[in-house]
Amino acid sequence: MTNLGYKQSQGDHTLFIKHSVSGGVTILLVYVDDIIVTGDDKEKQIILSQCFATNFEIKTLGRLKYFLGIEVAHSKKGFFISQQKYITDLLNETGKTACKPVSTPVDPNIKLGSVKEDNAVNKEMYQRLVGRLIYLSHTRPDIAFAVSLVSQFMHQPREAHLQAALRIVQYLKGTPGRGILFKRNKSVALEAYTNVDYAGSVVDRRSTTGYYTFLGGNLVTWKSKKQSVVARSSAEAEFRAMAQGICELLWLKIILEDLKLRWDKPMKLYCDNKSAISIAHNPVQHDRTKHIEVDRHFIKEKLDSGLICTSYVSTQSQLADILTKGLNGINFERIISKLGMENTYSPA
Amino acid sequence: MAKGFTQTYGVDYLETFAPIAKMNTVRVILSLVANHDWDLQQFDVKNAFLHGELEEEIYMDLPPGYDGQVAVGTVCKLKRLYMG
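So the protein sequences, as listed, match chains A and B. Note that the numbering used here numbers the first sequence so that position 263 is 263, with each residue one more than the last. Count along the second sequence from 1, add 348, and you get the number used in the numbering used here.
Treat the hints as calculated values from the structure; they're not laboratory data. Please note that the accuracy of each hint is not assured.
Calculated pairs, EDC-like style, for lysine to aspartate or glutamate (alpha carbon to alpha carbon, straight line, at most 16 Å) [claimed, not checked]: (1) A:183 <-> B:385; (2) A:76 <-> A:342; (3) A:338 <-> A:117; (4) B:370 <-> A:34; (5) B:394 <-> A:33.
Treat the numbers as computed from the prediction; the structure is a model and nothing was measured.
Input sequences plus hints: build the corresponding full structure.
Set out below in C-alpha cells:
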C-alpha cells in the first residue's frame, strides 16, 4: 500500500490514508480480509479498486452493507449500524426466543457481588454467553455497563451472575433492532461525557469509570470499566475518569490530524461533579487530592494548553450515567434517545 | 498468533501482521463518512492468507487433544501458516 502513496495512521495501524494534490482524501481500513474504502476522491478510489483487482485477488462488494457481523443500513438521514441477526442467533442459542422482554439490562435493585453461598454454574457456558454479549457491545452502548458487570465474574460464575447475564438477553429480546445512527451534522466537533460511580463495587469498593465520546455529533466510542485501584475520594475517582476520557479524545484527535481534518476549538469534556472541575482548574494543594497528582496535573496541562475545556452538566443530563449504574426504565430510555440510538424494529 | 507469549515483533518471526481494525476506528470513520457524505465501498480478499506458504521454520507444542503416541517434549513443525 505504501508504494501507492498511502500512509499508515499512527492512531490505528490498520488505517491507511492518502491525500491528493487537489486536497481530496482516500481512506482505507483493513480488517484481516475485509477492506473498507472511503473518502472524497472518487478518481483515486477507482484507481485503487483496479489496483486491488490486478495485484491481489480482491473482489469489490460495492456499498458497505455487512461488516464483521454488523449490519449497515443507508438512509437519507445518514446510516445506521446494528447487530440484529447476531441477537436473533443469540436468542436461539440461549433458548430465550419466547422469553418475556424487560425494559432495562440491569436490575437497579440488585448489587452484584461474589455471592459465595450461591450455586456454581457451568463456567464454560457462562463465559461463552458473556463473550457473545461483549461482541454485541460494538453497536450497543446501552448494555455496556451490564456486560462489564457480568464479565467481572468470569472466573467463578454463580447462579446470581448467570441470572444477571440472562437478564441482558431478555432486554435484547425487546430491542433487537436497536443500534447507532450516524447523522449528517456537517461537523467534526469532539466531545466527551465522563462519569464515575464512586466505590460502586461491593466486592472490592473500586469505582466504575464511564465515558462517551462524540465526533461530529455522533457517538463513536464509550467505555464502562471498573477502575484498577481503589479511589479514596469521589474526586479522585472522578479525576481518573476524566483523565481516561481525555486520553480517548486525544486519540480521536490523532486520527483526525492524520486525516488532515482540523478542529481548532477546544474539545469539550462534560462532567457532573462541580468540585472535581474546580479542583482541576485550581492548582492549590488539597490534602485529600495529594495522591492523585498525576491525573490532576495531566488534566490541568490539557486545560491550560486550550486543548480541552470542561463543562458542567447537571446529573439529569449526564449521558454517561448509563455506563456506571443500573437505572430505572424512564431514565434509561431518556438517555438512550439522546445517544442517537434508534430502534428499527418493534417486536410484535 | 496462537501462543504469542515468547515472540517479539520482528525478532522471532518475519514481518507477519494481523491487521485487525479497532471497532472504535470503524465508528470514527463511519461518523466522518456520514458527516461528509462520502461514498463507502467494501472489498473482500479472496482466500486471505489463512493457508499461506511458510518462509521459515516454525515449531509449536502439540495441539491439546492430540492423542497420538509421542515422547514427552515432542514438538511439531508447521507445514502451513496457521491463524488463530
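Status of the hints after comparison with the structure:
Note on residue 183 of chain A and residue 385 of chain B: the hinted pairing holds, with a Cα-Cα distance of about 10 Å set against a maximum of 16 Å. Note on residue 76 of chain A and residue 342 of chain A: the hinted pairing holds, with a Cα-Cα distance of about 15 Å set against a maximum of 16 Å. Of the supplied pair hints, the one linking residue 338 of chain A and residue 117 of chain A is violated, its CA atoms being roughly 40 Å apart against a limit of 16 Å. The straight-line distance between the Cα atoms of residue 370 of chain B and residue 34 of chain A is roughly 13 Å, inside the 16 Å bound, and the hint therefore holds.
The suggested pairing of residue 394 of chain B with residue 33 of chain A holds, with an alpha-carbon distance near 8 Å, which does not exceed 16 Å.
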